[in-house]
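Please build the complex by placing chain H on the supplied structure of chain P, with the hints as guidance.
Number of protein chains: 2
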Amino acid sequence: VAIAAKHVGTQATIVMPEDAPHSKLEATRACGATIVTYNRFTESRELIAQEILEQSGGTLVPPFDHPMIMAGQGTAALELLEDAGPLDRFYAPISGGGLMAGCAVAIHALQPGVELVGVEPEDAGDTRLSFAAGERRKIPPPYTIADGLRVRTPGALSWPVLRRHVARVELVSDEELLDAMGFALRELRVALEPSGAASLALALREGRGRCGVLLSGGNAEPALLAEAARRAAR
Amino acid sequence: VAIAAKHVGTQATIVMPEDAPHSKLEATRACGATIVTYNRFTESRELIAQEILEQSGGTLVPPFDHPMIMAGQGTAALELLEDAGPLDRFYAPISGGGLMAGCAVAIHALQPGVELVGVEPEDAGDTRLSFAAGERRKIPPPYTIADGLRVRTPGALSWPVLRRHVARVELVSDEELLDAMGFALRELRVALEPSGAASLALALREGRGRCGVLLSGGNAEPALLAEAARRAAR
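The listed protein sequences derive, respectively, from chains P and H.
Numbering of the first sequence is given in the numbering used here, commencing with residue 1 and proceeding in unit increments.
Numbering of the second sequence is given in the numbering used here, commencing with residue 1 and proceeding in unit increments.
A portion of the hints provided could be inaccurate.
Since the list gives no way to pick out one identical chain from another, each pair is judged satisfied if it fits inside one copy or across any two copies.
Subject to a maximum C-alpha distance of 20 Å in a straight line, what follows is the list of computed SDA-like cross-link-like pairs (lysine to any residue) [to be verified]: (1) K6 with E46; (2) K24 with G58; (3) K138 with R231; (4) K24 with T59; (5) K24 with A12; (6) K24 with L188; (7) K6 with R208; (8) K6 with E187; (9) K138 with H7; (10) K24 with L110; (11) K24 with R231; (12) K24 with F183.
These are computed hints drawn from the structure, not numbers from a lab.
Next comes chain P alone, as it looks inside the complex (with noise of 0.2 Å):
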């Protein structure tokens, strides 16, 4: 969002975690953007963005809860299916579910064969849980390393679509995010953030047919990059 808007030349408002990595911020903050952050226990965003909104009267852009940003997000799914060709399985990461529901819908729509599969870390399962209930469902605030899918609960737009396209919501440990990290550097010469290494994590515990795996980001704390660099020694 922030480098979006430099490019079309407007001021980005981003309201983010305090305790989101200083890497993600300072990235963000050196491409522009004002930040205001809050307390993810104590504090909501949405009505810290409300507030902002009023104020400003800008234009608010939630971070996964909106057709456009779900189906932005599914282009990703696109360009990798026209690169892969037939698959028997796909992975993400469901945080808010924007981008699962986004590519749960091209995917499906190329190939309706498909096994969706959404991964969340261990103590981020709110859409695993409601998988289980057979609706929405709430967590408390989770603590994995993966700050991305801290999310607590999915969202009310791209739920149904989750629930109509995906097969099973599995969880990976904070260990296993780890080690996929290593394993992303050893092999795929790529450095992930824990978040971008979720599905990653899951495709190497399960690991048969041919899999899409969605690597979603790579603004990596330094510590835990080299805590993923250790672990990439054979």
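Just chain H, lined up with the frame of chain P:
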């Protein structure tokens, strides 16, 4: 070479320095190659390879000093020009000089005005020394962390090509290599080995105009990658 041998169903025997990175030895072994190590301070890999060839009747694949090796490595520059369009300057590391020789021929055939800049580690500046002397010079075995750039003299076949096409050769320190590895992790999300980061290190120092920068290897030792990750902090 190990991967290519596996693809065509033949056996590769690879002569590597015994102080090559553990990660590189293991990655090569994992591809099915037989590895013969040697002491690069007291032994000659050319003589060892010659003995193996006499016993096995195999074919020698030299690391750089061969017209087809140079031409093959030059395709990297072809791909770069295809993606990047017109350049002011092109940076590539020089070890034996095969990569730069192949790239130089490709680039100057298509864009004769590009300034070609070779990069060597500070204590592996055999080509820079040879440029100053106007003839091939040989240096003592280098200690740089850029293990892929420890060749001690320009190749007999690559040398005349380098002289004809390369404008200058510059040196980078091991510190600059680690900083460039950190920059690549943070800004490009790419894991490089020290040798692979040499041209980036110089480009970061000089940084002007429209530059092509060849990143040429990502088989980094975990400890060096961890150090690079620490330097990725803003």
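Quick rundown of the hints versus the structure:
no.: 1; hint: K6 with E46; verdict: neither (23 Å within a copy, 56 Å between copies)
no.: 2; hint: K24 with G58; verdict: neither (23 Å within a copy, 53 Å between copies)
no.: 3; hint: K138 with R231; verdict: neither (34 Å within a copy, 38 Å between copies)
no.: 4; hint: K24 with T59; verdict: neither (22 Å within a copy, 51 Å between copies)
no.: 5; hint: K24 with A12; verdict: within (15 Å within a copy, 45 Å between copies)
no.: 6; hint: K24 with L188; verdict: between (22 Å within a copy, 15 Å between copies)
no.: 7; hint: K6 with R208; verdict: neither (42 Å within a copy, 23 Å between copies)
no.: 8; hint: K6 with E187; verdict: between (34 Å within a copy, 18 Å between copies)
no.: 9; hint: K138 with H7; verdict: neither (36 Å within a copy, 51 Å between copies)
no.: 10; hint: K24 with L110; verdict: neither (34 Å within a copy, 41 Å between copies)
no.: 11; hint: K24 with R231; verdict: between (23 Å within a copy, 15 Å between copies)
no.: 12; hint: K24 with F183; verdict: between (22 Å within a copy, 15 Å between copies)
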